[in-house]
Amino acid sequence: MNFSLIGALQILFKILIFPGLLFVVVIGLFLAGIDRKLVARMQKRVGPPLRQPWFDFLKLLGKETIVPHAANKAVYLAAPVIGFTGLVVMALFIPVFGYSTFSGNGDLIVLLYLLTIPAVALIIGGSASGSPYAGIGISREMVTMMSYELPLIIILLSVARKVGGSALCFSLGQIVNWQASNGCLAFHPALIPAMLAMLLVIPAEVGTQPFDVAEAETEICEGPLIEYSGAPLAVFKLNTAMKMFIMTALFTNLFFGGVSTASLIGAGIPAIALDAVIMVLICIVVTFLSMSLIHAITARFKIEHLFKFYWTVVAGLAALSLVLVWFGL
Amino acid sequence: MSYIHFPVIAVMTLFMGAFLTVVLGRHSKGVRSFIALAASCVSFALIAMLVKPVMIDGEIISYWMGNWAPMSGYAIGIGYEVDQLGLFFALLVVTTILLSAVYSIRYIEKDSSQDFYYVLFLMLSGSVLGLVMTGDVFNMFIMIEIMTFTAVGLTAFRNTSFGAVEAGFKYLVIGSIGSSFTLFGIAVLYGQCHTLNMAQLSAMLYGNHSPATLMAFALMFTGLAVKSYIVPFHTPAADAYTTAPSSISMVFSGMVNKAGVYGMIRLVYIIFRTVDMPSVQTLIVLFGTVTMFIGVTMALAQHDFKRLLAFHSISQIGYVITAAGLCTSLGLSAGLFHAMNHTLFKGLLFLCAGAVLRSTGTTNLDQLGGLSKRMPKTTLCFLVGAFSISGLPPFNGFASKWLVYQAAYEKAVTTGNIFYAFVTVTAVVVSVMTLASFIKVTQAAFFGQLPARLADVEEAPGLMLLPMYIMSLLCVGTGIFYDKVYQYLLDPAVRAAFTVSNYIDRMMGDGYAEAAGVEDVFASNPHFSYWNPVIWLALFVIVFCAAYICVVTSKGSRGQILSDEGGAEDGKYATFFSGEKALPSHVAGSDLFWGFKTDWKGYFRVMEGLHSGIVNDYALYVVAAAAFVVVFTFAFLR
Amino acid sequence: MMMKRRLRNKMMNVNYIASVILVVMGLYTIITKKNLIKVVLGMGIVDYGINLFIVSVGFNDKAGATAPIYNMTELLGQAQATGVTQFFVDPVPQALTLTSIVIGACVDAMALSLVIKLYKQYKTVNTDEIRRLRG
Chain A
1 MNFSLIGALQ
11 ILFKILIFPG
21 LLFVVVIGLF
31 LAGIDRKLVA
41 RMQKRVGPPL
51 RQPWFDFLKL
61 LGKETIVPHA
71 ANKAVYLAAP
81 VIGFTGLVVM
91 ALFIPVFGYS
101 TFSGNGDLIV
111 LLYLLTIPAV
121 ALIIGGSASG
131 SPYAGIGISR
141 EMVTMMSYEL
151 PLIIILLSVA
161 RKVGGSALCF
171 SLGQIVNWQA
181 SNGCLAFHPA
191 LIPAMLAMLL
201 VIPAEVGTQP
211 FDVAEAETEI
221 CEGPLIEYSG
231 APLAVFKLNT
241 AMKMFIMTAL
251 FTNLFFGGVS
261 TASLIGAGIP
271 AIALDAVIMV
281 LICIVVTFLS
291 MSLIHAITAR
301 FKIEHLFKFY
311 WTVVAGLAAL
321 SLVLVWFGL
Chain B
1 MSYIHFPVIA
11 VMTLFMGAFL
21 TVVLGRHSKG
31 VRSFIALAAS
41 CVSFALIAML
51 VKPVMIDGEI
61 ISYWMGNWAP
71 MSGYAIGIGY
81 EVDQLGLFFA
91 LLVVTTILLS
101 AVYSIRYIEK
111 DSSQDFYYVL
121 FLMLSGSVLG
131 LVMTGDVFNM
141 FIMIEIMTFT
151 AVGLTAFRNT
161 SFGAVEAGFK
171 YLVIGSIGSS
181 FTLFGIAVLY
191 GQCHTLNMAQ
201 LSAMLYGNHS
211 PATLMAFALM
221 FTGLAVKSYI
231 VPFHTPAADA
241 YTTAPSSISM
251 VFSGMVNKAG
261 VYGMIRLVYI
271 IFRTVDMPSV
281 QTLIVLFGTV
291 TMFIGVTMAL
301 AQHDFKRLLA
311 FHSISQIGYV
321 ITAAGLCTSL
331 GLSAGLFHAM
341 NHTLFKGLLF
351 LCAGAVLRST
361 GTTNLDQLGG
371 LSKRMPKTTL
381 CFLVGAFSIS
391 GLPPFNGFAS
401 KWLVYQAAYE
411 KAVTTGNIFY
421 AFVTVTAVVV
431 SVMTLASFIK
441 VTQAAFFGQL
451 PARLADVEEA
461 PGLMLLPMYI
471 MSLLCVGTGI
481 FYDKVYQYLL
491 DPAVRAAFTV
501 SNYIDRMMGD
511 GYAEAAGVED
521 VFASNPHFSY
531 WNPVIWLALF
541 VIVFCAAYIC
551 VVTSKGSRGQ
561 ILSDEGGAED
571 GKYATFFSGE
581 KALPSHVAGS
591 DLFWGFKTDW
601 KGYFRVMEGL
611 HSGIVNDYAL
621 YVVAAAAFVV
631 VFTFAFLR
Chain C
1 MMMKRRLRNK
11 MMNVNYIASV
21 ILVVMGLYTI
31 ITKKNLIKVV
41 LGMGIVDYGI
51 NLFIVSVGFN
61 DKAGATAPIY
71 NMTELLGQAQ
81 ATGVTQFFVD
91 PVPQALTLTS
101 IVIGACVDAM
111 ALSLVIKLYK
121 QYKTVNTDEI
131 RRLRG
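One line per chain: the protein sequences are A, B and C, in this order.
Taking this note's numbering, the leading residue of the first sequence gets 1, the next gets one more, and so forth.
Taking this note's numbering, the leading residue of the second sequence gets 1, the next gets one more, and so forth.
Taking this note's numbering, the leading residue of the third sequence gets 1, the next gets one more, and so forth.
In case anyone wonders, no lab produced these hints; they're calculated from the structure.
Computed from a predicted model, the values in this text were never measured in an experiment.
Any given hint might turn out to be false.
[Stated by the list, open to error] Keeping only pairs whose Cα atoms sit at most 25 Å apart, straight-line, the calculated BS3-like set for lysine-lysine is:
no., chain 1, residue 1, chain 2, residue 2
1, B, Lys110, C, Lys120
2, A, Lys302, A, Lys73
3, A, Lys73, B, Lys377
4, C, Lys33, C, Lys123
5, A, Lys73, B, Lys373
6, C, Lys120, C, Lys33
7, A, Lys308, B, Lys597
8, B, Lys601, A, Lys302
9, A, Lys63, A, Lys308
10, B, Lys597, A, Lys302
11, A, Lys73, A, Lys63
12, A, Lys237, A, Lys302
13, A, Lys308, B, Lys373
14, B, Lys52, B, Lys597
15, C, Lys38, C, Lys123
16, B, Lys377, B, Lys110
17, B, Lys597, B, Lys484
18, C, Lys34, C, Lys123
19, C, Lys117, C, Lys38
20, B, Lys110, C, Lys117
[Unchecked claim] Simulated coverage check for chain B against chain C, where a stretch passes if three residues somewhere in it have a Cβ under 8 Å from a Cβ of chain C:
no., region
21, 239-252
22, 617-626
All C-beta atoms, glycine included, are put in the ideal place defined by N, C-alpha and C.
Make a model of the complete structure from these sequences and hints.
So this is what it looks like as structure tokens:
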């Protein structure tokens with residue numbers, strides 16, 4: 001790696017603006033706004049304006065930060081930052097419009113593990129706050145994580161098998177390129193169960209109703225977040241919004257990757273812009289299907305039901321896909 | 001050429017240290033600590049000096065005791081042979097010994113008969129070091145036996161503490177059944193080949209199996225599997241790791257079960273070279289997968305800090321065995337890397353548990369809580385260890401688990417066998433469960449509210465923290481510079497395991513392997529990169545930005561306990577307390593994850609029934625598994 | 001001569017069968033007997049079975065062989081005179097057996113001392129009652 005000044009500036013640009021920090025934050029909060037609006041409309045409410053997540057974020061930044069007496073201060077304050085870091089690094093691994101900052105052979109597994117970092121940060125932060133409500137919250141968060149991790153890995157392996165054939169393929173970039181030449185994976189019948197499973201994994205990963213058992217406001221008062229206030233809370237809320245974008249973008253890359261208008265209107269800036277719009281549109285649709293719709297029509301799970309649901313229904317769907325793909329469909 | 005004596009001197013130093021401790025160290029604490037430290041330092045230095053010739057220059061050291069070199073193609077004397085694989089494990093062993101010796105000085109200062117502790121400790125160290133460097137199967141058996149005795153002695157060292165003698169007895173019974181199987185296998189092998197030298201055996205057995213050698217393989221495989229504590233041989237390990245002093249638990253998980261793993265790798269890769277057979281791969285991977293799953297689920301059910309760590313130790317060995325059983329160069333790299341990382345992070349975690357035990361007097365997770373306020377340094381080390389074992393990037397556990405998944409899935413897609421795909425899935429799920437149980441420990445012991453009983457607990461002394469810091473640094477360092485680890489340690493070791501002919505020729509003379517028809521099958525060299533230097537810049541910038549948002553924009557204040565003594569004196573908050581006293585409440589370890597446990601009630605009930613604590617049952621598992629291996633061998637091996 | 005050799009071979013098979021029977025008996029004892037002392041005895045029996053096996057291995061195909069106690073001239077003279085090199089049994093297994101016997105004795109001693117300790121602490125030698133560590 002050549003560390004020239006221009007190179008360093010380019011890297012900084014990638015990290016801070018596009019497709020890193022700023023981009024993910026903007027799109028994430030935008031998706032969060034859309035989600036709230038959609039849910040409200042489905043419940044026959046007017047709903048908040050699209051900019052509401054921004055207002056919430058800025059408001060929280062201005063509030064006082066209180067560190068509880070029982071808390072371990074350093075860990076309590078560091079946790080949101082660590083989660084945030086994990087998410088931004090993850091954004092750098094996901095190809096946005098066929099454009100990713102880092103790529104390597106291990107993309108999928110690295111992503112799987114980077115995905116756990118925000119959840120672990122939430123858990124460690126809640127644990128460090130010392131509240132018994134947070135204790136119950138982190139237990140539920142952890143069980144939720146165990147629940148969706150099984151289907152998620154099976155989904156990733158099915159996709160890897162479909163794309164790689166009899167060679168090892170864990171690279172997201174390779175998956176997107178494969179789809180560019182062979183058609184979107186969403187239109188391969190064998191992978192449709194995996195796609196459905198992925199649609200169900202996203203809300204659990206993000207933590208929206210009915211899978212928000214960890215934060216269940218009505219029972220355990222936001223669980224791990226109970227003691228948080230001010231800027232750390234703002235960062236946690238931001239993390240949730242960013243996760244929304246990252247999960248939907250991951251979905252888009254896995255199942256609708258390689259959509260490109262370059263062949264229609266010629267390569268160049270307009271094509272990239274059009275691709276970007278298409279990708280964001282797909283993300284919005286996925287947000288609607290997997291989060292808003294389910295949110296609006298269901299009530300919260302109990303934790304043991306959540307676990308059973310993921311390890312039977314969702315994992316079953318994913319495993320069906322894996323078996324179908326394995327035997328050549 | 002003087003370094004050819006180093007392996008033997010390193011082993012002898014440790015045994016001499018044990019002897020000198022008895023002679024000189026009976027009455028003086030300083031003398032015996034000095035002897036232990038000096039012996040471990042010397043052997044560490046001697047082994048470290050072998051890295052250059054063996055690992056980098058690719059030389060294999062052979063050493064005939066009493067210069068009894070082979071005559072007319074038959075090995076007569078006892079030979080030591082240090083190839084890259086052996087040296088890799090020897091490095092793990094000496095590192096563990098040195099750190100444990102430093103830790104022991106303060107850790108056991110309140111115990112009686114410390115001289116015996118050091119005698120047993122040094123003998124254990126010497127035996128394991130000898131085991132990984134010997135080139136003679138019977139010598140290996142002797143070392144295994146010394147290892148078992150001393151390990152039993154050390155398990156029962158605190159013989160007044162809860163269950164220590166019981167654990168020692170179970171360990172002895174199961175361990176000696178394992179040793180007996182090994183010896184039986186060696187005897188059958190000797191009856192067939194009339195030699196005990198590994199290199200010569202390897203040449204004679206290469207692609208040349210008779211029913212008798214298959215029987216020997218099954219018996220030795222079982223015997224060494226007992227020593228590496230894979231399920232169903234894991235039961236004494238769980239007890240022994242729990243009751244032994246923590247410095248010894250670290251040695252157990254850091255090198256004693258690695259000795260078993262080393263033995264299995266040596267057995268299937270070099271001596272019998274059966275690992276090329278798909279059926280043997282299936283057998284080993286099956287054992288490994290079951291081990292990692294049962295280990296981790298049992299760990300989730302534990303209430304005791306050290307017992308939980310013990311089951312995790314078993315579970316992580318499952319990863320090592322699984323990866324090594326794949327018989328690809330990527331798989332063996334992953335296995336060895338995970339073995340090394342396991343030595344580091346599990347050692348670190350046991351040392352943390354020891355620090356907690358020494359400070360609070362208990363390892364019961366239901367009685368601990370909030371220790372991060374009183375023991376911040378231990379907490380930091382624990383978190384590093386916990387994140388490493390859970391495989392969070394950028395710690396070392398991630399790098400090796402990542403390789404394990406890749407290796408398992410590569411095996412699945414290249415062979416088209418869906419079994420390996422489910423192995424990969426199991427490995428990932430086990431990793432998440434590992435994370436879950438460390439979250440449990442973190443919450444139950446280090447975070448949450450500090451019970452009044454522990455209000456004046458003290459941080460561990462510096463001499464105990466030092467090895468913990470070193471191991472933490474190693475955990476982070478090997479995770480970040482995994483490519484260097486691969487280049488200098490793993491790749492040579494993997495090559496050594498696949499190039500049997502070098503091993504044979506060095507010991508028995510050039511051309512011996514060729515004459516016996518031994519061919520090397522070295523698969524391609526794995527390439528991997530998930531992490532590059534740029535990402536460090538990225539992380540730094542991001543952390544800076546996020547911290548800026550948190551710190552600069554916030555107006556902080558510290559929460560107060562409002563009603564410490566009877567009711568809220570501050571009228572402003574009285575409504576919230578209704579005049580009642582605020583009681584500390586802490587979500588203890590055994591209450592966490594009940595949502596998960598209720599779904600698995602049946603499974604946990606069966607598992608608890610199986611881990612009955614009755615030594616007859618444990619012996620039954622060993623014998624049944626041995627029978628299974630024998631039947632499997634004769635049914636599927638060709 | 002042939003008869004004698006065949007008989008000898010049959011006797012060797014008896015050795016092997018006996019050793020396996022001993023090992024199985026020992027394992028059976030360990031698995032079924034609830035008394036700690038009997039468990040230790042079982043471990044001993046397994047050891048004896050294996051020792052018998054190792055010693056028998058030394059007699060492999062060496063009918064009429066005797067103990068390997070010779071001086072060098074006898075050794076060389078006999079070999080040159082008869083061309084037969086297998087007139088004494090393989091000495092290595094005997095060395096192995098000796099080592100193994102010593103180790104077995106140590107195992108038994110250690111196990112019995114632990115049993116004494118256990119009896120003092122638990123007031124019983126019944127394995128069903130010595131199970132504080134379980135689950």
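Worksheet entry | Hinted pair lysine 302 of chain A and lysine 73 of chain A, Cα distance within 25 Å | violated (32 Å)
Item to complete: Examine the region 617-626 of chain B: at least three residues should have C-beta closer than 8 Å to a C-beta of chain C.
Response: That given contact holds, which follows from 3 residues of the region 617-626 of chain B lying within Cβ reach (below 8 Å) of chain C.
Item to complete: Please count how many residues of the region 239-252 of chain B have a CB within 8 Å of a CB from chain C and say whether that reaches 3.
Response: holds (count 3)
Practice prompt. Assess, step by step, whether the Cα of lysine 73 of chain A is no farther than 25 Å from the Cα of lysine 373 of chain B, and give holds or violated.
Written response: holds (9 Å)
Discussion item. Between the alpha carbons of lysine 63 of chain A and lysine 308 of chain A, is the straight-line distance 25 Å or under?
Written reply: Distance ~40 Å between lysine 63 of chain A and lysine 308 of chain A Cα, so the pair is violated.
Worksheet item: Given the hint that lysine 597 of chain B pairs with lysine 484 of chain B, does the C-alpha gap stay at or below 25 Å?
Response: violated (41 Å)
Worksheet item: Does lysine 377 of chain B pair with lysine 110 of chain B here, judged by a C-alpha cut-off of 25 Å?
Response: Distance ~22 Å between lysine 377 of chain B and lysine 110 of chain B Cα, so the pair holds.
Worksheet item: Is the Cα-Cα distance between lysine 308 of chain A and lysine 373 of chain B 25 Å or less?
Response: Not OK: lysine 308 of chain A and lysine 373 of chain B at ~37 Å, beyond 25 Å, violated.
Discussion item. Check the hint pairing lysine 73 of chain A with lysine 63 of chain A against an upper bound of 25 Å on the C-alpha distance.
Written reply: OK: lysine 73 of chain A and lysine 63 of chain A at ~18 Å, within 25 Å.
Item to complete: Would you check the hint for lysine 117 of chain C and lysine 38 of chain C, treating anything up to 25 Å between C-alpha atoms as holding?
Response: holds (16 Å)
Worksheet item: Do the alpha carbons of lysine 38 of chain C and lysine 123 of chain C lie within 25 Å of each other, as the hint requires?
Response: holds (17 Å)
Worksheet item: CA of lysine 120 of chain C to CA of lysine 33 of chain C, is that 25 Å or under?
Response: Roughly 20 Å separates the two Cα atoms, so the pair holds.
Of the numbered hints listed earlier, those contradicted by the structure are 2, 9, 13, 14, 17.
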